[in-house]
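Undergrad: So you can see what is in the structure, the chains are spelled out below.
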Amino acid sequence: MPVWQTIYSELSQYNFSVFSIMEDKNIEDARPWIEKSGAKFPCTIDTNHIISDLYNMFNVPTVVWIDENGKIVRPNDVVVMNEGGAKLVKVDPETYIEKIRRWVINNDPPMNSNDDFIKYKQQREHTDNEQVARAEFLIGQWLYNNGELELATQHFETATELSPADVMIQRGTMSMRGMDPMKDYGPIAGNIIKKGLRLYRPIRD
Amino acid sequence: MSKKKFQILSASHSFQLEIELINDNIWFHKDDMREKFGWILKPEGLCKEEVCIPLKEPLLLLNNDHVNINQFAKELNRPIASEVSKGVIVLGESASDRANWLYAEQAPDFELPDLNGNMHRLSEHFGKKLCLVVHASW
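Chains A and B supply the protein sequences, listed in that same order. Residue numbering for the first sequence follows my numbering, beginning at 3 and increasing consecutively. Residue numbering for the second sequence follows my numbering, beginning at 60 and increasing consecutively.
Read the hints as simulated data drawn from the structure, not as lab findings. For glycine and all other residues, C-beta sits at the position ideal for the given N, C-alpha and C. Treat each hint with caution, since some may be false.
Stated by the list, open to error - Chain B regions said to be covered by chain A (calculated; three or more residues, Cβ under 8 Å): (1) 126-140; (2) 159-167.
Claimed, not checked - If you only want the chain B side, here are some residues facing chain A, beta carbon under 10 Å, derived: (3) 173; (4) 184; (5) 196.
Excised from the complex, chain B in its bound form (with noise of 0.2 Å):
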């Protein structure tokens, strides 16, 4: 058992959060789980304001105190992506979460910089109509 800080990315964020490796599975305090994930545990499963999300395997989630990262993610129906060696793990966002605001209200909104660095966010330019025009140098 040893313990570690890791890099937990998302496309659009990251953080670091301290775990520890036991037989190459990945666990951590289940107090962070409040503090970086903003997930709390109750009686009814995983909640996040609202939202409560019975639990699949409970017995796979939890060890004491800790709660294991793949389960946490498969509970969740969040992608996983791990490269241990450098200490550096990716939850994405759920299929079905993605899906819904595709095609919500409201396109999904986002920030992203230009040549100069300036940070343009979509949403701004609401009003108008716009086309989003997706394209790369390859």
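Isolated chain A, as found in the complex (with noise of 0.2 Å):
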């Protein structure tokens, strides 16, 4: 998040801003990172995932683009900003902010064409099961934040048969399932990639 207000403070200039979400199960969780950003943009918190479920999101950090009149013009995609986070997702931070930089002041184009985005589209649309897995999240959230911790650890299990892919919701409940999220997580991204499917999905342009 630092390196996103390095950003803001040369591109606001130029008619841009940055919108920060955290998908945390509480704002505790989430205030020493908000507070050691020093973000001049507004930083909000996402307890109910409802960014996941209107955007289709199923990992962090994900970004969208959104141009002067709202349209998202470059979708889900994703850029990590330290250095073995971008080794991880293949994606340079140094050529991804330039190509911010590009879009921002030239009014260059977001997206290689118009068919990468239609192409994007179609790969990306929110199925019926991953609604279901969605609401079985939100479910558990809400038992977890009534007590209720063996009921929300069944629910977020459901959610993860029916959405195996979602690791906004499998990482996201660790916490709450009594694993940690960063010790933990090994196997439970080793069994999402034995399954043939991506933690990470970056647009290649």
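With the hints as a guide, dock the two chains, each given alone in a separate frame, to form the complex.
TA: So, in structure tokens, the structure goes:
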């Protein structure tokens, strides 16, 4: 997030802004990240995963570009600003930031071609099972907030069965299921890959 | 048969609904279909404003004055999850409604709180180029 503040500082003079959302189980989990970022743009917390549901997101970080008319011009994309993460998702942050710069300052196209955009949309439509998984997540989150940890876990597990590539649900609920989302994530990620599914879906252009 | 108050949730709001449990099936009064969900039953199907959806299985939907909530969700293609023991139901949004909104003229709008509880609405920032950045502590 500090990198996004740097981008914002440079580009906000060109009618550009950043809108940050954290998909965390409560405000306190998100607080240290937001406070240390020094962000001058809106930094919000989305405990119910409204954004995953609206934008069909499966993992973080996910970035969406929206133009002056409020229209999505570059859909769900991945960029990780630290070195290790950048290697993992195979997206170079500098190249990505330069792409934002050219879009904001020169009005360069946000994607290579309109065909790419159409193809992308067709690959990423919401499915019925993914939507049921999100309903199961939400009921689990409610149960967790009401002290029903075992029942919450059952619903999170149902969600995982229905939407096995949804890292947002699987990793995002680990701390509610007595697991450590850093240390215990390896086997979960391994299972997703073994099923032939992807952890990250960057746009390749 | 027992009458109960259930909590109906979606990602953005929640309300109470009086339900009746009959053999593990959850029923609610058909007046609440209009009052709480905004749908009316007409000869052409389930209607909301100008939209009418023909019924797939009307015999499963209605029993006298009561509506089966799972069938109601099914008729509308909406996802449903329930925990009957705790009186809570999530009625989500259909995949097609979500997909249609995602690539409509404007990006799906929402309102979320910051650390101080102040609400921020995405559309308040329309008019600028925006990067929506979604991340998490995990």
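Undergrad: Now tell me, hint by hint, if it's right for this structure.
TA: Evaluated hints:
1. 126-140: It holds: at least three residues are needed, and the region 126-140 of chain B offers 5 whose Cβ sits within less than 8 Å of chain A.
2. 159-167: The restraint on the region 159-167 of chain B holds, since 7 of its residues have a Cβ under 8 Å from chain A and three suffice.
3. 173: At 5 Å from the nearest chain A Cβ, residue 173(B) passes the 10 Å test, so the hint holds.
4. 184: 6 Å, holds
5. 196: 5 Å, holds
Figure legend: structure checked against the earlier numbered hints; every hint is met.
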